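Engineer: All chains should be modelled from the sequences, with the hints used to inform the complete structure.
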Amino acid sequence: MRFMMFIYPGVKEEADWTPSAEAVAAMSKYNEELTRAGVLLSLDGLHPTSEGARISFEGGKRRITDGPFAETKEVIGGYWMIQARSKEEALEWASRCPVGGDVVLEVRRVFEMSDFPPELQAAGRLSERPPEQTMAE
Amino acid sequence: MRDVGLAEDLAQDALVVALERWPESGVPENPGAWLMATAKYLAIDVLRRNRRLERKHEQLAREMGIQLAMDAADVEAALDDQIGDDVLTLMFMCCHPVLSTDARIALTLRLLGGLTTRDIARAFLVPEPTVAQRIVRAKRTLAAAQVPFEVPRGNELQSRLSSVLEVVYLVFNEGYTATAGEDWMRPALCEEALRLGRILASLAPNEAEVHGLVALMELQAARAAARVSSSGEPVLLLEQDRARWDHLQVRRGLTALERAERQLDDSLAAGSREGTLGAYGLQAAIAACHARASTAAETDWPRIAALYAALARLAPSPVVELNRAVAVAMAFGPGAGLELVDALRSDPSLERYHLLPSVRGDLLAKLGRPAEARAEFERAAGLTQNSRERAVLLRRAAACVTVPRTVAGP
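These protein sequence lines map, in sequence, to chains A and B. Residue numbers for the first sequence, in my numbering: 1 to 137. Residue numbers for the second sequence, in my numbering: 138 to 547.
What the hints contain is simulated information worked out from the structure, not anything from laboratory work. Bear in mind that the values here come from a model prediction, so they are computed numbers and not experimental data. Note that the Cβ used here is the ideal one computed from N, Cα and C, for glycine as well. A few of these clues could be false.
Said to hold, decoys possible - Short, incomplete list of chain B residues facing chain A, as computed with Cβ under 7 Å: (1) 251; (2) 328; (3) 332; (4) 335; (5) 336; (6) 339; (7) 362; (8) 367; (9) 385.
Unchecked claim - Beyond 10 Å from chain A on every Cβ pair, some chain B residues (computed): (10) 237; (11) 416; (12) 439; (13) 453.
What the hints assert, rightly or not - Part of the chain A face toward chain B, derived, beta carbon under 8 Å: (14) 35; (15) 36; (16) 85; (17) 118; (18) 121.
Structural biologist: The structure is reproduced here in structure tokens:
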């Protein structure tokens, strides 16, 4: 199963958004560990919210609000997509992350199509044709 | 180790076997720390952590007079490089040629993967004691054969490595193509195989075929969700809804294939004669052709036909030849494909293989020979073990009579 690990850096000033060289080095070592264990699927770090925007759809109207956003504590700094055997394992990997201070990690399980009830699975199928062409996989 | 039973509770059997088999000089200074660091490397400790084990930790540490050092960062750092090599060695041990294929699979999943004996039994639909027996016997065999605890070198490395790759791919295929076992175990087997493959790729990054295998598994696994219809029928590759492919995994697969190719370029530049993809790499390259096509119609069939030809030269097999025939038919017309299929009709190993008449029927229908096509579809229907597949084949047979010329050529 897959899990998304979100990191909330908890920095108060956007000027502090870019981590220190030591923090980057420690994080690289951690990412290397995830890779070597065959766990890491993908990861990315995000620019601060001043370069982002939010779009709302209230009342059928699109409204764009440019960043920065007020609650810096609740701003996502990046994510890892990992493959783990259980939630416990995912939490174990998350707790090995070399961070401290106000940093918070959030671990969320990724939906697989098979997690949905059949009617939702069917709704997710755009095209479906009966098998015709013979091609051994 | 004084109390192997105790250590066995603590970590994985393989690690214990490793300790037992270690030549005197090679035993790490701090076996307890080694055990824990290796378990941590493989991320298997977390599944076994409970209070009872914690007590055993302490007991073991007392008895052996060693420091278990789970938190001692310096010990861990010192072990870091060594552990990678040791994990690789364990893989080679679990897949040693003195063991039967079944034993290799059971040992690998139990010792390097995160599966319990019970999980393995469920996955392969055998009683739990059978799996336990297999593992016990495998350990004995390894001990009796006095397998040295080291990574094989030179010529031996290649043959031993292919044994490891074979085990990983067998595990993957057991999960990917349902032959037995409980359904919920299938994705677990695929994931476990992928994980082992990725570990192997980071431990042996210079081996192109390792990247080839990882690429093949990633690309195949990427299609998993699209392979079954909502009513449970298998959906063949060309009919699959490509939006349902896992595109992150496709990208990972293509990246792994690039790594395999780059590795080959590097070894060519370094003067090696091994400059072509191996059997896994070639299959990955074929899977990549499908993955790169955003619709079935955009598939690069001439390239697939060429790749199958290369695969047939490297690992000749009538099934590969049959797939080559399909690719040739798609690339150059049904007549060209039929020639290749007809050459296979005398092959005794395909006598009971339903896909041969099924492919032949398909090509004959495309060539406007409905009566022959119908006979082939009926023959194929009689040979398949799968009732859903049989229904599809009979439907196609019936269609050959009522509307003989509606099936268009490519």
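Engineer: For a quick check of understanding: which of the numbered hints are violated here, in increasing order?
Structural biologist: none
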